Amino acid sequence: MNKHFQQDQVLLLKEKLESGALSRRGFMQGLALLGGTSALGLSAGSLHAADKDMVFVNWGGDAIEAMAAAFGDGFSEKTGVKVLYDGSGPLEGSIKAQAESGSPTWDLVDCDPFSGQALGKQGFMRPIDWNIVDESKIRDGFKWEYAASSYFYSYVIAYDATKYDTPPASMADFFDAEKFPGKRAMYKWGAGMWEAALMADGVAPEDLYPLDLERAHAKIAGFKDNIGAFWGGGAESQSLLLNGDVSMALIWNTRASLLHKDTDGEIAMTWAQGIVAPGSTGVLMNNPVGEKAAMEYIAHSQDPESQVKLFELLGNGPANPAADALVPEESKFFNPTDPANFAQQTPLDMAWYEENYGSALDAYLGVISA
Amino acid sequence: MSRLFTLAPLMLFLGLAYLIPLAGIMLQSVTTPEFGMQNYSQALGDPLVWSVIRRTLRICLSVTAIAVVLAYALTLLWLNGSRGMRVFVELAIMIPFWLSVLSRTFGWLSLLSNRGLINTWLQSIGVISEPLTLIRNEFGVILGMVHFLIPFAVFPLASAMRDVDTRVVLAARGMGASRLRIFWQIFVPMTKSGIIGAALLVFVFSLGFYIVPTLLGGGRSVMVAELIYLRIFQIPNWGLAAALSALIMLSIGAFLVALIKRTEGTMK
Numbered sequence: 001m002n003k004h005f006q007q008d009q010v011l012l013l014k015e016k017l018e019s020g021a022l023s024r025r026g027f028m029q030g031l032a033l034l035g036g037t038s039a040l041g042l043s044a045g046s047l048h049a050a051d052k053d054m055v056f057v058n059w060g061g062d063a064i065e066a067m068a069a070a071f072g073d074g075f076s077e078k079t080g081v082k083v084l085y086d087g088s089g090p091l092e093g094s095i096k097a098q099a100e101s102g103s104p105t106w107d108l109v110d111c112d113p114f115s116g117q118a119l120g121k122q123g124f125m126r127p128i129d130w131n132i133v134d135e136s137k138i139r140d141g142f143k144w145e146y147a148a149s150s151y152f153y154s155y156v157i158a159y160d161a162t163k164y165d166t167p168p169a170s171m172a173d174f175f176d177a178e179k180f181p182g183k184r185a186m187y188k189w190g191a192g193m194w195e196a197a198l199m200a201d202g203v204a205p206e207d208l209y210p211l212d213l214e215r216a217h218a219k220i221a222g223f224k225d226n227i228g229a230f231w232g233g234g235a236e237s238q239s240l241l242l243n244g245d246v247s248m249a250l251i252w253n254t255r256a257s258l259l260h261k262d263t264d265g266e267i268a269m270t271w272a273q274g275i276v277a278p279g280s281t282g283v284l285m286n287n288p289v290g291e292k293a294a295m296e297y298i299a300h301s302q303d304p305e306s307q308v309k310l311f312e313l314l315g316n317g318p319a320n321p322a323a324d325a326l327v328p329e330e331s332k333f334f335n336p337t338d339p340a341n342f343a344q345q346t347p348l349d350m351a352w353y354e355e356n357y358g359s360a361l362d363a364y365l366g367v368i369s370a
Numbered sequence: 001m002s003r004l005f006t007l008a009p010l011m012l013f014l015g016l017a018y019l020i021p022l023a024g025i026m027l028q029s030v031t032t033p034e035f036g037m038q039n040y041s042q043a044l045g046d047p048l049v050w051s052v053i054r055r056t057l058r059i060c061l062s063v064t065a066i067a068v069v070l071a072y073a074l075t076l077l078w079l080n081g082s083r084g085m086r087v088f089v090e091l092a093i094m095i096p097f098w099l100s101v102l103s104r105t106f107g108w109l110s111l112l113s114n115r116g117l118i119n120t121w122l123q124s125i126g127v128i129s130e131p132l133t134l135i136r137n138e139f140g141v142i143l144g145m146v147h148f149l150i151p152f153a154v155f156p157l158a159s160a161m162r163d164v165d166t167r168v169v170l171a172a173r174g175m176g177a178s179r180l181r182i183f184w185q186i187f188v189p190m191t192k193s194g195i196i197g198a199a200l201l202v203f204v205f206s207l208g209f210y211i212v213p214t215l216l217g218g219g220r221s222v223m224v225a226e227l228i229y230l231r232i233f234q235i236p237n238w239g240l241a242a243a244l245s246a247l248i249m250l251s252i253g254a255f256l257v258a259l260i261k262r263t264e265g266t267m268k
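If you read the protein sequences in the order shown, they are chains A and B. For the first sequence, the working numbering assigns the number 1 to the initial residue and increments by one for each residue that follows. For the second sequence, the working numbering assigns the number 1 to the initial residue and increments by one for each residue that follows.
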């Protein structure tokens, strides 16, 4: 365990003490535990099972506190197992490095289902235990062997509403620089962009898969002069629109709804022809707290009210279909899985991504950087 | 002998922290997923790799040339300017040198973006009507890298310039050579070792740049370091990543050896 992570653990303990979720005695015990493990150089694995903290690795930023508030705190209260959120980013290569070591320090990861599947088939992830995780609390078509559907997010068109009298209503509009002048921004890591280009080129949403990459790349190559930037992270995509570097962008709905709210609709978003992607939780093989506790955490996070809380904090759509109705009326517009919004979008096909993502991304990078 | 003894801890440290992992990478490049040269043939047969290498060389050579020329002028000012000027130049070199590359890059972003300081200012005084695209292209990458690397060129140049025997310059002046001629035919050749040192340092350093091209290149200026990152984390193929790293290290090494041999021949 590195120093930053331990500092963060102390910070988390302090926060819990202040918020009353932890007694002073528990706090002192926690500190002693942290000090003890680092001083003796013990790994979490050598401690007694009941004293173990569960480590959930996500992508950092607001997600650390939001996931703790939505799922972790409640789970700790119920089971006595502390959940620590590490925002260092479970990239596929990082998960592989953890798992290959044979004694990972991570328990759960927030990963793309296709990554979870690919890693699972290499023996790095535990299969989801459907006796503990409730299959009826996930949406049809979003069940995988090694990844439990945890939330949804979308690639949507966000645009500078002060520049256009009529808002863009399709991917064809996004790729039409005459009707909608101004620079565009797209996602650097390809996902969702092939689908957008193909829809703009006239492919019907239901006929997208298997993706015709050559056609998609030709469409993007022909449009490249209008693209001001390819963004690699959410914050970057947000600042591209805010700084006026681009006037229309394909970005995550979580960022788009923030922009929409922060600018009072001056930068607006539409769900039209959006591409909705599932997020998932995976469990590392040989994870420190063991299989059962990790699966119980996943089951705990299927609670619809907790998922609505995550939506309110981060803008992620709930994985449990029962949660959509619990979203407050005024926020429903921003929920990617709200029936009205979901119907306008196309889901990413995880099976296609599992097979083809690597080579497709290579070709895509060749096109956008040429 | 005692010298060797004092160097031993450093050698040991370098061996453990640097050579062993390096050997691991070299080994991995020929053993993952199985023994053989398949990673190398795959890396060299991939058009994406070649386009990335071409771009990396183009950017790094431009950066090297610009940074060395600018640093040369800056060093002249630093060593020969008035007292006030010297202090000013020194601060101008040292202060950015102490700032992290990340904050400097974000500084460029807020300065040069479409609603950034420069575009807003130019628009408000009426020089331009549409904002200029100053970043999120190769220009932005080169600008950010040159800015970062200038101090690294200044130091070898300054030490070379300090070593110039001023009597030679005085003699040339006494014999009636023009200032321009003294500069080009006396001063510049006498600082040649500094120029080569500065260029080498900047070039080798620039090859591994990651943050600046990612943030200022608008996602389009993928350079070698980012490609390796991609192969390690994004779409894991560690054998290929190791082969790429080894190829780059070997080609830079060969290039440096050739260059040092050549300059040794011409300098003495």
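Just so you know, the hints here were simulated from the structure itself, not pulled from any lab data. Just so you know, not all the hints are guaranteed correct.
With a straight-line cut-off of 20 Å between C-alpha atoms, the simulated EDC-like cross-links for lysine to aspartate or glutamate are [said to hold, decoys possible]:
1) A/Lys163 with B/Glu130
2) A/Lys143 with A/Glu291
3) A/Lys96 with A/Glu305
4) A/Lys121 with B/Glu34
5) A/Lys121 with A/Glu291
6) A/Lys309 with A/Glu291
7) A/Lys261 with A/Glu236
8) A/Lys96 with B/Glu138
9) A/Lys121 with A/Glu355
10) A/Lys78 with A/Glu305
11) A/Lys332 with A/Asp262
12) A/Lys332 with A/Glu291
13) A/Lys224 with B/Glu138
14) A/Lys52 with A/Glu77
15) A/Lys179 with B/Glu138
All figures in this text were calculated on a predicted structure; none of them were measured in a lab.
- Message: Next pair to validate is A/Lys179 with B/Glu138; report whether the Cα-Cα distance is within 20 Å.
- Response: With Cα atoms ~28 Å apart, A/Lys179 and B/Glu138 exceed 20 Å; violated.
- Given hint A/Glu355 paired with A/Lys121 - CA-CA distance at most 20 Å: OK: A/Lys121 and A/Glu355 at ~12 Å, within 20 Å.
- Query: Hey, A/Lys309 versus A/Glu291, does the alpha-carbon distance stay inside 20 Å?
  - Reply: It is violated: about 26 Å lies between the C-alpha atoms, which goes past 20 Å.
- Straight-line Cα separation of A/Lys163 and B/Glu130 no greater than 20 Å? Holds, because 14 Å separates the two Cα atoms, which is no more than 20 Å.
- Message: A/Lys121 and A/Glu291 were given as a pair; does the straight-line alpha-carbon distance stay at or below 20 Å?
- Response: Measuring from Cα to Cα gives roughly 17 Å; hence the hint holds.
- Pair hint outcome, A/Lys332 versus A/Glu291 [Cα-Cα no greater than 20 Å]: Status violated; Cα separation ~36 Å.
- Message: A/Lys96 and A/Glu305 were given as a pair; does the straight-line alpha-carbon distance stay at or below 20 Å?
- Response: The given pair, whose Cα atoms are some 33 Å apart, is violated under the 20 Å limit.
- Item | Pair hint A/Lys78 and A/Glu305, alpha-carbon separation not exceeding 20 Å | 16 Å, holds
- Query: Is A/Lys143 close enough to A/Glu291, meaning Cα to Cα at most 20 Å?
  - Reply: Between A/Lys143 and A/Glu291 the Cα gap is close to 19 Å, so the pair holds against 20 Å.
- Item | Proposed proximity, A/Glu236 with A/Lys261 (alpha carbon, max 20 Å) | 17 Å, holds
- 20 Å Cα cutoff - pair A/Lys121, B/Glu34: 19 Å, holds
- Item | Straight-line alpha-carbon gap A/Lys96 to B/Glu138, limit 20 Å | 34 Å, violated
Checked against the numbered hints above, the structure breaks hints 3, 6, 8, 12, 15 and satisfies the rest.
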